[in-house]
Amino acid sequence: MTAPLLEVKNLRVEFPSRHGTLLALDDISFEIAPGEILGVVGESGAGKSLTGAAIIGLLDPPGRVAAGEIRFEGRRIDNLPYEEMRKLRGRHIGAIFQDPLTSLNPLYTVGRQLTETIRTHLPLNAAQARERAIALLQETGISVAAERIDQYPHQFSGGMRQRVVIALALAANPKLIVADEPTTALDVSVQAQIISLLKRLCRDHGAAVMLVTHDMGVIAETCDRVAVMYAGRVAEIGPVQAVIHAPAHPYTAGLMGAIPAMDEDRERLLQIDGAMPRLTAIPPGCAFNPRCPRVMNRCRSERPDLLHAGATRAACWLHDAGAPP
Amino acid sequence: MTALVEVRDLAKRFDVSAPWLNRVIERRARQWVHAVDGVSFSIERGKTLALVGESGCGKSTVARLLVGLHEPTAGEVHFDGQDIAPTLAGPQALTLRRRLQMIFQDPYASLNPRWKVRHIVGEPLTEHGLVRNDAELKDRVVELLHSVGLVAADMEKFAHQFSGGQRQRVSIARALATQPEFLVCDEPTSALDVSVQAQVLNIMKDLQRSRGLTYLFISHNLAVVRHVSDQVGVMYLGRVVELANKATLFAQPRHPYTRMLLDAIPDIAMSGRARTPVLGEVPNPLNPPAGCSFHPRCPHANERCWQERPALLEIQGVRIACHAVQEGRL
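The listed protein sequences derive, respectively, from chains A and E.
Each residue of the first sequence is one higher than the one before, counting from 1 in our numbering.
Each residue of the second sequence is one higher than the one before, counting from 1 in our numbering.
Calculated from the structure, these hints are not laboratory results.
Keep in mind that a hint or two might mislead.
[Claimed, not checked] DEER-style ranges, computed between Cβ atoms:
hint, chain 1, residue 1, chain 2, residue 2, range
1, E, E143, A, D224, 47 to 55 Å
2, E, R304, A, S196, 25 to 33 Å
3, A, S196, E, E127, 47 to 55 Å
4, E, N302, A, R268, 42 to 50 Å
[As the list claims (entries may be wrong)] Over the 12 Å line for every Cβ pair with chain E, so calculated as not near, a few chain A residues:
hint, residue
5, R64
6, P284
7, A321
[To be verified] If you only want the chain A side, here are some residues facing chain E, beta carbon under 8 Å, derived:
hint, residue
8, S157
9, D187
10, V188
11, S189
12, V190
13, A192
14, D215
15, M216
16, G217
17, A261
18, M262
19, L270
20, I272
Glycine included, every Cβ here is placed at the ideal spot set by N, Cα and C.
All chains should be built: construct the whole structure from the sequences, respecting the hints.
Following this line, the structure appears as structure tokens:
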């Protein structure tokens, strides 16, 4: 097996507040291999965006990495000084955010933003950078790129803007792209275009992707592996096929059953009662225990680690092989 | 079977012109957005019609027109035989309003943050004079909360103390307070997470069965639409382009736009179904294309589609607005 490109080990992110310290991410571990697409899925507040933010070093204060480590190509990056992180970000780790309008500067032309990024990270002169910018825009499917490069973001439609953002993320040929809900703000028909574009470009450029989304459909279509998050923890992680067709964690099973299907008729959807706990009131033991249909005594007091469960790994005592039946 | 709701050639345009002074100085013309442009459909009692489309297609405007939050520019909405626009202006307004209610998309914005749930759910009851005293009001509110899966103790809470799904339940309880026959639901689950969405959709279906409710369900999510509806209308730039039974529409989509929408849904079962990539985006509604408004994105468009706007005609039990289908080209 090749060395992982990104390694997240026992990551813990805290938000100190007046009412005590909120534990937003608790003991998160996963790896991304070079060229791999890892999906991170979960409901709002599960901590999926925060995981992405921690990796690219953009946690909003007072949030901070309290324990654990993040390694990129074997080098520890969670404790890098600001300037060094800034060089790494963009050059080796690209980022795509949800809303393309807020991630582009409305006062600069698209071309200026692209060439600036390119020249910050690559040793090119102005003319070469512009040429590269036009090539990137063309690659993302923007027609007449040579003309549109001198336009401002407001002259682009939503889908086109997201293409520009993808071009920006790819500008310096990074090895990893963190895409945080890249299609959530777009219409369904455009969403499909952007997802297939992202997938194709990352394959062409050999970039690995960490795709954060709440949409299981997008995960199914795009990713190699998926991590399901719940209340700041990883509930299950494994190959997409296995997680979708044979979920090992009761939460994943519930999540899959709650999605209305296109190819079968059900009178009622499977429903998980209750809602995800707030950070201030995470139950002891397994965080999912109050909502779990298969809860056992042990779940209420002991927290499960990721245990092997078929093709995936799930944080659930049901898969504890060593336990008495 | 008689239709409870009948909509005929409904149209709504909004004035989006620049201010008067700018128009004079910069010699700009007045500008209108035709948000809804000649929409007709009917909903039978106890059934659900879903309107589906992308942002800006006018589906929410239709919802607002149906409950009288907007006045139509043209066309009529008939509810149980009454034309609603004049009725809402007349002495029968309160009676009519009691019979049709609305659930909004954002449960964070549609509930008054300074009111307790008791007040939020109870307001329609007192407003319509449906209860005689406080004890009766309290009983009714408790009963309503129970019907949406909340408990009596929730009465004394404020909206911010609830999660998104619970807030949407409060909105549903409030909408049900006047015992309406018809509920207009504008993206009721779009702001919710999937597991919570399932809870709300289940409640809505249970209520429909137990109370014989009629729904107009607005959504952009085809999977949700397929789950809740009996009939589906697909909207594009202010017009209905295809209107059919749920089973027919999903098994045999006819209009190129419907096919495109269905094709764009991510394949969660990973069956390896082939998908045709969709080109282009929804045009600016300020300046919609001439002829069939879908023609710039349509793989089957010909000269007639560029010039002539197709009417919504019935073909083999499906109402469809497409020259290609009507001519048998598709």
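> Was the hint right that A/M216 lines chain E, CB cutoff 8 Å?
Replying inline: It holds, given that the least Cβ distance between A/M216 and chain E is near 6 Å, below 8 Å.
>> Restraint: A/S189 near chain E, CB-CB cut 8 Å. Satisfied or not?
In response: holds (5 Å)
>> Checking a non-interface call: every C-beta of chain E should be farther than 12 Å from the C-beta of A/P284. Is that right?
In response: Given a closest Cβ separation of 21 Å, the condition holds.
> With a cut-off of 8 Å, does the beta carbon of A/A261 approach a beta carbon of chain E closely enough for the hint to hold?
Replying inline: Holds: closest Cβ of chain E sits about 7 Å from A/A261, inside 8 Å.
> Given A/S157 was flagged as interface, is its beta-carbon under 8 Å from a beta-carbon of chain E?
Replying inline: holds (5 Å)
>> Does the closest beta carbon of chain E sit nearer than 8 Å to the beta carbon of A/A192?
In response: holds (4 Å)
> A/R64: least C-beta distance to chain E exceeds 12 Å?
Replying inline: holds (27 Å)
> Would you say the C-beta atoms of E/N302 and A/R268 sit inside 42 to 50 Å of each other?
Replying inline: holds (45 Å)
> Taking 8 Å as the limit, does the beta-carbon of A/V188 come near enough to a beta-carbon in chain E?
Replying inline: This hint holds: A/V188 lies near chain E, its Cβ roughly 5 Å from the closest one there, short of 8 Å.
>> Minimum C-beta separation from A/A321 to chain E exceeding 12 Å: can you confirm that?
In response: Consistent with the label, A/A321 stays out of reach of chain E, its closest Cβ about 29 Å off (over 12 Å).
>> Is 47 to 55 Å respected by the C-beta to C-beta distance linking E/E143 and A/D224?
In response: Cβ of E/E143 to Cβ of A/D224: about 51 Å, so the range 47 to 55 Å holds.
>> Can you verify the interface hint for A/V190: is its Cβ closer than 8 Å to any Cβ in chain E?
In response: Nearest chain E Cβ about 6 Å off; hint holds.
Violated hints are absent here; each numbered hint is respected by the structure.
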